[in-house]
Amino acid sequence: MTDRELLELLVDKVTNIEQDFFGVKTDVSSLKTDVSSLKSDVSTLKSDVSTLKKDVSSIKEEQIFMKQAIFELDARSIVTSHKIDALTEQVSSNTTKLDDLRTTQRLVSDHDTDIRMIKKMLTQ
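Just so we're aligned, residue -16 is where the sequence shown starts under the numbering used here, counting upward by one.
Worth flagging that the hints you see were computed from the coordinates, not collected in a lab. Do not take every clue at face value.
SDA-like cross-link-like pairs, simulated, lysine to any residue; straight-line CA separation at most 25 Å [to be verified]: (1) Lys36 - Glu55; (2) Lys29 - Phe48; (3) Lys36 - Gln46; (4) Lys102 - Thr86; (5) Lys50 - Ser40; (6) Lys15 - Lys36; (7) Lys50 - Asp38; (8) Lys15 - Asp3; (9) Lys37 - Val18; (10) Lys22 - Gln46; (11) Lys8 - Ser20; (12) Lys103 - Asp82; (13) Lys22 - Asp10; (14) Lys22 - Ser12; (15) Lys22 - Glu1.
Cβ-Cβ distance ranges computed for the label pairs, FRET-style [claimed, not checked]: (16) Leu35 - Ser75: 51 to 61 Å; (17) Thr9 - Val32: 42 to 52 Å; (18) Thr9 - Asp31: 28 to 38 Å; (19) Glu(-9) - Ser30: 55 to 65 Å; (20) Leu70 - Asp31: 29 to 39 Å; (21) Leu(-8) - Ser12: 50 to 60 Å; (22) Ile53 - Val32: 26 to 36 Å; (23) Asp97 - Ser75: 53 to 63 Å; (24) Leu56 - Lys80: 54 to 64 Å; (25) Glu44 - Asp83: 25 to 35 Å; (26) Gly6 - Ser33: 55 to 65 Å; (27) Ser75 - Asp38: 37 to 47 Å.
Keep in mind that this is a model prediction, so the values were computed, not measured. Ideal Cβ positions, reconstructed from N, Cα and C, are used throughout, including at glycine.
Sequences are here, hints too, so could you generate the full structure?
What follows is the structure in structure tokens.
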């Protein structure tokens, strides 16, 4: 190989290296914009995650409130059922007393009638 051929070969190699370097430079530039875009996406995701955490926290608080409300409703229904049982007993007791009172009234009326009859018989 002559010096000229060696120089031409060297120039070709340098040209190829320059083209490869320019390609790498373009790729790096493209990667920089991609990285910038990814940073923006990560920032947005962090914001979204933060919002989701707040929402989950809020939902947990509401869930606790609802559980407490359900517990209180259950407690009230138990108290209400006790009240209904007590009222049922009172109604039953009052019904028995009313029946006894009617029986007593009937007996008093019968005695009163007997006394009037005896009084009539004695006065005759």
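Mind listing which of the numbered hints don't hold for this structure, in increasing order? 1, 2, 6, 9, 10, 12, 15, 17, 20, 21, 23, 24, 25, 26 and 27
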